[in-house]
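Peer 1: Letter by letter, the chains look like this.
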Amino acid sequence: MNIHNTDAGAALKVRGLSVAYGDKPALSSVDAVFQQGRMSSIVGPNGAGKSTMLKAAMGIIPAISGDAQFFGRPLDEARSRVAYVPQRASVDWDFPATVIDVVMMGLYRSLGPFRLIGRTQREFALGCLEEVDMASLANRQIGQLSGGQQQRVFIARALAQRADLLLLDEPFAGVDAATEKTIITLLKKLVAEGGTAVAVHHDLSTVTAYFDDVLILNVRRIANGPVEKAFTDANLAEAYGGRLAQAVPVLQETV
Amino acid sequence: MIDVSAFVNALTFNAGYNTAIVAIGAVLLGWAGGTVGTFLLLRQRSLVSDALSHATLPGVGIAFLVMAWFGGSGRFLPGLLIGAAISAMIGLASVEWLTRRTRLKSDAAIGAVLSSFFGLGVVLLTVIQSLGIGRQAGIGSFLLGSTSGMLRNEAITLAVLALGVALLVFVFRRQLTLVCFDETFARTSGIDIRRTDLMLMFLVMAVTVTGLRVVGLILVVALLIIPPVAARFWTDKTSTMVLVSGLIGAVSGFIGTALSASVPNFPAGPVIVLVAACLFVLSLLFAPARGVFYGLYRARAFSRKVHRRQGLLAILRGEAIYDGDTIKVLKAERFIRADGTPTRVGLEAAENAAREEALWTIYLRDNPDAAYRAARMRLDPIAERLTTGEIAELEKQFSAPAGVLPAQ
Numbered sequence: 055m056n057i058h059n060t061d062a063g064a065a066l067k068v069r070g071l072s073v074a075y076g077d078k079p080a081l082s083s084v085d086a087v088f089q090q091g092r093m094s095s096i097v098g099p100n101g102a103g104k105s106t107m108l109k110a111a112m113g114i115i116p117a118i119s120g121d122a123q124f125f126g127r128p129l130d131e132a133r134s135r136v137a138y139v140p141q142r143a144s145v146d147w148d149f150p151a152t153v154i155d156v157v158m159m160g161l162y163r164s165l166g167p168f169r170l171i172g173r174t175q176r177e178f179a180l181g182c183l184e185e186v187d188m189a190s191l192a193n194r195q196i197g198q199l200s201g202g203q204q205q206r207v208f209i210a211r212a213l214a215q216r217a218d219l220l221l222l223d224e225p226f227a228g229v230d231a232a233t234e235k236t237i238i239t240l241l242k243k244l245v246a247e248g249g250t251a252v253a254v255h256h257d258l259s260t261v262t263a264y265f266d267d268v269l270i271l272n273v274r275r276i277a278n279g280p281v282e283k284a285f286t287d288a289n290l291a292e293a294y295g296g297r298l299a300q301a302v303p304v305l306q307e308t309v
Numbered sequence: 048m049i050d051v052s053a054f055v056n057a058l059t060f061n062a063g064y065n066t067a068i069v070a071i072g073a074v075l076l077g078w079a080g081g082t083v084g085t086f087l088l089l090r091q092r093s094l095v096s097d098a099l100s101h102a103t104l105p106g107v108g109i110a111f112l113v114m115a116w117f118g119g120s121g122r123f124l125p126g127l128l129i130g131a132a133i134s135a136m137i138g139l140a141s142v143e144w145l146t147r148r149t150r151l152k153s154d155a156a157i158g159a160v161l162s163s164f165f166g167l168g169v170v171l172l173t174v175i176q177s178l179g180i181g182r183q184a185g186i187g188s189f190l191l192g193s194t195s196g197m198l199r200n201e202a203i204t205l206a207v208l209a210l211g212v213a214l215l216v217f218v219f220r221r222q223l224t225l226v227c228f229d230e231t232f233a234r235t236s237g238i239d240i241r242r243t244d245l246m247l248m249f250l251v252m253a254v255t256v257t258g259l260r261v262v263g264l265i266l267v268v269a270l271l272i273i274p275p276v277a278a279r280f281w282t283d284k285t286s287t288m289v290l291v292s293g294l295i296g297a298v299s300g301f302i303g304t305a306l307s308a309s310v311p312n313f314p315a316g317p318v319i320v321l322v323a324a325c326l327f328v329l330s331l332l333f334a335p336a337r338g339v340f341y342g343l344y345r346a347r348a349f350s351r352k353v354h355r356r357q358g359l360l361a362i363l364r365g366e367a368i369y370d371g372d373t374i375k376v377l378k379a380e381r382f383i384r385a386d387g388t389p390t391r392v393g394l395e396a397a398e399n400a401a402r403e404e405a406l407w408t409i410y411l412r413d414n415p416d417a418a419y420r421a422a423r424m425r426l427d428p429i430a431e432r433l434t435t436g437e438i439a440e441l442e443k444q445f446s447a448p449a450g451v452l453p454a455q
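In order, the protein sequences belong to chains A and Z.
Sequential numbering of the first sequence, starting at 55, is according to my numbering.
Sequential numbering of the second sequence, starting at 48, is according to my numbering.
Just to be clear, a hint being listed does not mean it is correct.
[Said to hold, decoys possible] Short, incomplete list of chain Z residues facing chain A, as computed with Cβ under 10 Å: (1) D229; (2) R364; (3) E366.
[Stated by the list, open to error] As a list, the in silico DMTMM-like pairs of lysine to aspartate or glutamate whose alpha-carbon atoms are at most 25 Å apart: (4) K284(Z) - D146(A); (5) K443(Z) - D230(A); (6) K284(Z) - E184(A); (7) K284(Z) - E177(A); (8) K152(Z) - D148(A); (9) K242(A) - D413(Z); (10) K443(Z) - E234(A); (11) K235(A) - E431(Z); (12) K152(Z) - E177(A); (13) K78(A) - D121(A); (14) K284(Z) - D148(A); (15) K235(A) - E442(Z); (16) K152(Z) - D77(A); (17) K235(A) - D239(Z); (18) K283(A) - D266(A); (19) K443(Z) - D287(A); (20) K284(Z) - E185(A); (21) K67(A) - D239(Z); (22) K443(Z) - E185(A).
Hints listed in this document are in silico derivations from the structure and should not be mistaken for laboratory results.
We put the beta carbon where it would ideally sit given N, CA and C, even for glycine.
Using the sequences and the accompanying hints, generate a full structural model.
Peer 2: Here it is as structure tokens:
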């Protein structure tokens, strides 16, 4: 069965999505499909609406028109299968919480208001931290972490949700090289096990190495499909215009 | 002056029935205020409670007039509280509407609503006092609270409200924590942010309305703000903060009522708030997590660590040490003998320090943007600051043939 040609294989399908901030359009009738079992990226210049698309699909910001289907269903029917990792800068890291507290937040939905957190939940959360090499800092206050460590805590929280689809908003923004490697290795492992990941990404030089599929966006959809077909110079030039030349640095790292 | 035996009696519930009733009411109120206030503070909405409390006054006045109109006693407490709640809701809705529909920032909207409602309330109270209907004496006590002559029924009303608040906070604690910490994530896990905020505001209103009778509307906001701010100094966990904050509120209520019962002409409400303020100052100065004195201690400890590290590196390089503080630190840890020669322990520590320095140097080469944080962290044992995987990676690079030697 070739899942690439059937809608049933789509983890996330966006149809005619239009979003505006006030009277400033951010997305204009975007169609996109993110297949199950694939690593997908959303790329485009600043202000292209990359994060906006994920947020609108997740119902965080209202869409003017269009809809998003998760595994062929509306979000409310598939919510437990989807985990969202917000941008690290979107929260106040001085909040009174430890690393493991944040990971536990991924369990709140399944725990509901009454079930208490016991040893099982704690060990499960520690296991999620282990996946991102953060278990040894489980009891740290989150404000004391480095940017990369904070990002890995967010990823661990998403893991705790045991979702089939991970939506990540700029997971590699401002993180160190080791964190980037940890995260990408983990995501590839999840995808190899049948999971799906969709990440907003800004580093064009790593798209081919990291991702299977790509959505090139600049308010409207430029291209969407497997990296080898969609990630072409022509499409990139259409999205980035004359700035493409600077987008892929050719400097050699020699020290 | 303070009557010590009366104070002790009040603390041990031996100062008479009325004082005991007031104390129980104040304890429950302080606890509820501290608990709800924690989430209000974490949601960064503390000031909204000020608008809300001032907006209760017109409701009190109108409720009084309505009840007096129908021939009842205008001072029927539940009736007045319902009136207060309704007008607080209108005030709150006005703040919401102003911030959402106009370009006013929330502080301006809060200020405008607070003063308008309060002005209207004062006018109504003045009119009521000049009318001479419905036994209006004491209606002014809603401004600053009054515990004298509090009835058993009123204490029970307070207790029921406080317990209701505690129950709701328990049921909604996870939802409230999520919305306070990470609104985006909360929304994606299916939480209705607006409804959660409404719930929080409802809790704030319940505390405010309950507190009107005891501390008055001008000061009730203190019970929502001071305990959580004080509690924040003691802990880095939300769940602990809720408990500590509730405890600080309850203790303030307890000591405050006892003081007011034992010192003539000490009004309970303001004294409760002052006790809370004292606890705040104590927390600010002495709390271990973020207190001022602990901060000074940490600054000293940091300078010790700098001397320790410098001294150890000097030992390894075989350099003479002249800095008096460095020598003192090294001697205290028995790294050097009285004559300045290194001990065996000192040499081992020096080698370890050099290894960690080298690892940190590699870490900084890979993460130049972490320089500021690393300057502080690199003096701690590396295992406390980096994860096992991160350290393993650094060691791999360190031992690699092409590894860069640390700059000395």
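Peer 1: If a hint holds in the structure, say so; if it does not, say that too.
Peer 2: Evaluation of the provided hints:
The interface hint given for D229(Z) is met, as the beta carbon of that residue sits about 5 Å from the closest beta carbon of chain A, less than 10 Å. Because the beta carbon of R364(Z) sits about 25 Å from the nearest beta carbon in chain A, more than 10 Å, this interface hint is broken. For the restraint placing E366(Z) at the interface with chain A, the shortest Cβ-Cβ distance is roughly 29 Å, beyond the 10 Å limit, so the hint is violated. For the proposed pair K284(Z) and D146(A), the alpha carbon gap of about 14 Å is at most 25 Å, so the pair holds.
Only pairs whose Cα atoms come within 25 Å are accepted, and K443(Z) paired with D230(A) is accepted, the gap being roughly 17 Å. For the given pair, K284(Z) sits about 21 Å from E184(A) by alpha-carbon distance, which is consistent with the 25 Å threshold. Of the supplied pair hints, the one linking K284(Z) and E177(A) holds, its CA atoms being roughly 19 Å apart against a limit of 25 Å. Only pairs whose Cα atoms come within 25 Å are accepted, and K152(Z) paired with D148(A) is accepted, the gap being roughly 24 Å.
Taking the CA atoms of K242(A) and D413(Z), the gap is about 23 Å. The hint holds against a cut of 25 Å. Straight-line distance between C-alpha atoms of K443(Z) and E234(A) comes to about 18 Å, which keeps the hinted pair within the 25 Å bound. Distance restraint check for K235(A) and E431(Z): the Cα-Cα separation of roughly 22 Å lies within the 25 Å cut-off, and the hinted pair is therefore satisfied. Distance hint between K152(Z) and E177(A) is unfulfilled; the C-alpha atoms sit about 44 Å from each other, more than 25 Å.
For the given pair, K78(A) sits about 20 Å from D121(A) by alpha-carbon distance, which is consistent with the 25 Å threshold. Between K284(Z) and D148(A) the CA atoms are separated by roughly 11 Å; this keeps the pair inside 25 Å, and the hint holds. Only pairs whose Cα atoms come within 25 Å are accepted, and K235(A) paired with E442(Z) is accepted, the gap being roughly 17 Å. Taking the CA atoms of K152(Z) and D77(A), the gap is near 21 Å; set against the 25 Å cutoff, the hint holds.
Taking the CA atoms of K235(A) and D239(Z), the gap is near 35 Å; set against the 25 Å cutoff, the hint is violated. Annotation: proposed proximity of K283(A) to D266(A) holds, straight-line Cα distance about 10 Å (limit 25 Å). Distance hint between K443(Z) and D287(A) is unfulfilled; the C-alpha atoms sit about 38 Å from each other, more than 25 Å. Between K284(Z) and E185(A) the CA atoms are separated by roughly 23 Å; this keeps the pair inside 25 Å, and the hint holds.
For the hint pairing K67(A) with D239(Z), the CA-to-CA distance comes to about 24 Å; that is within 25 Å, so the pair holds. For the suggested pair K443(Z) and E185(A), the alpha carbons sit about 20 Å apart, so the restraint of at most 25 Å is met.
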